[in-house]
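Residue numbers (this note's numbering), protein chains in the order written: chain A, 1 to 193; chain B, 194 to 419.
Bear in mind the hints are in silico, worked out from the structure with no lab data behind them.
Check the hints yourself; a few may be wrong.
[Unchecked claim] The calculated label-pair distances, taken between Cβ atoms and stated as ranges, are:
#1 B/Gln253 to A/Ala185: 39 to 47 angstroms
#2 A/Ala185 to B/Arg252: 18 to 26 angstroms
#3 A/Ala101 to B/Asp221: 13 to 21 angstroms
#4 A/Ser98 to B/Tyr312: 46 to 54 angstroms
#5 B/Asp220 to A/Glu160: 25 to 33 angstroms
#6 A/Ile169 to B/Arg252: 22 to 30 angstroms
#7 B/Asp220 to A/Arg154: 26 to 34 angstroms
We put the CB at the ideal spot given by N, CA and C, even for glycine.
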Amino acid sequence: MPPKGNCVTPARRPSSNVAVPETSPPLRVVGAPDRRNDWESVYQEHVAPLYRFVYSRTGNTPDAEDVTSTTFLRALPRLRSDVSPGEIQAYLRTTARSVLADVWRQRHGTVLMEFDDQRDSAQPAEQQDEVDVSPILDSLPANYRSVLEFRFLRGYSIRETAAAMGVSIANAKVLQLRALRRAAASGARDVQS
Amino acid sequence: MSKADRRLTRFVEALIANRRPPRSPADDDSSAMQVAARLRAAHPGGSTPSPAFVDKLARQLREAADHEPTWTEAGIRRRRFLVGGLATIAASVAAGVGVERIREVLTDPTSGSGTIQPYKSTWAAVALLDEVTTGKIKSFSAGGVQGVVFTLKGEIRALSAVCTHQGCTLVPQPDKSSLACPCHPMSFNLNGDPNPGGDYRLNPLPAIQTRVNAGHVEVLVPAHWD
Chain A
1 MPPKGNCVTP ARRPSSNVAV PETSPPLRVV GAPDRRNDWE SVYQEHVAPL
51 YRFVYSRTGN TPDAEDVTST TFLRALPRLR SDVSPGEIQA YLRTTARSVL
101 ADVWRQRHGT VLMEFDDQRD SAQPAEQQDE VDVSPILDSL PANYRSVLEF
151 RFLRGYSIRE TAAAMGVSIA NAKVLQLRAL RRAAASGARD VQS
Chain B
194 MSKADRRLTR FVEALIANRR PPRSPADDDS SAMQVAARLR AAHPGGSTPS
244 PAFVDKLARQ LREAADHEPT WTEAGIRRRR FLVGGLATIA ASVAAGVGVE
294 RIREVLTDPT SGSGTIQPYK STWAAVALLD EVTTGKIKSF SAGGVQGVVF
344 TLKGEIRALS AVCTHQGCTL VPQPDKSSLA CPCHPMSFNL NGDPNPGGDY
394 RLNPLPAIQT RVNAGHVEVL VPAHWD
């Protein structure tokens, strides 16, 4: 098909310095730095705090590692480095809570208690990964507090706990369960009041 | 011991042995179990991730990032999706996800639409009439505007010659009735619209007002400010 019109000058090729290469590099957004390494720095900055946050809710290493992994794999592609560290942390924690709730529901068939999260949100974010259980322990009678300290904080066996407290093994077994249930009940009551 | 007592005991034993607690209904002991996890997490020396775990997760994330375009070079691809997906954006805002996405939509370039309307303007002669007969494209630079002027469907018209992608100066291709970008494999037709073919969603080129005065083609460009 001939070019339109009759007064056409001979078709000029664009000069050679504007030839468009067939294999151009992929385009980038104007002003966007290479993001390849950005997620790495976000990860390095946030992995330990997020792990502490998750560990304080799982109390065991295998679950803490799984939940931390799932959280980063889910959240990181949605984050960008020009979001503030505080926003990144908040989003990671929101994601982690949702992952924790899924695990808990699948394993134990119940929802995570709300009092837990309400207490979190009342605290400044930087204190949330400090595991402070003194409010739990302080509200308990002395023998309940002792059994929990021996078992959970020091990792004593039931036999060692019984010996340290001067009670029978059967008694120590029952005592630790009662102490946990009392602590759970008073924690829930704190929030309602 | 009741059945519930045995379940709670097994949960506690798993925590103290640093194992994953067994699957079992929590029933009324859900919050007692959570208190147990909190207490166990407070024991000295437990809450730091192991270096082996940190390295392994970094590797997993690196592999995921290689398959996930959002962290690499697909900004433009993503932009097209986002601009077309306001409902998606609204939904992700509601879910608390939206920080970066909103920002991206707000900064989406709008430079390429409409006609250049300088705040203070003047007519500048940029071509002779016979330089813009059908089939020719004349480049000009006037009043800070890089443009091209040509005849399309019997009308003399002018367009900005600055690519709406990254600002490279477009090169006239009279034989193709198009303006080619020297930076990337993209071009615009003489209506100012990007030609199809690239995987890029670009704004059209701004138009420039023209008139013919005493055998010259003039364009409306910014006047000097002094």
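task: State the violated hints by number, sorted upward, taking the hints as numbered earlier in the document.
output: 2 and 6
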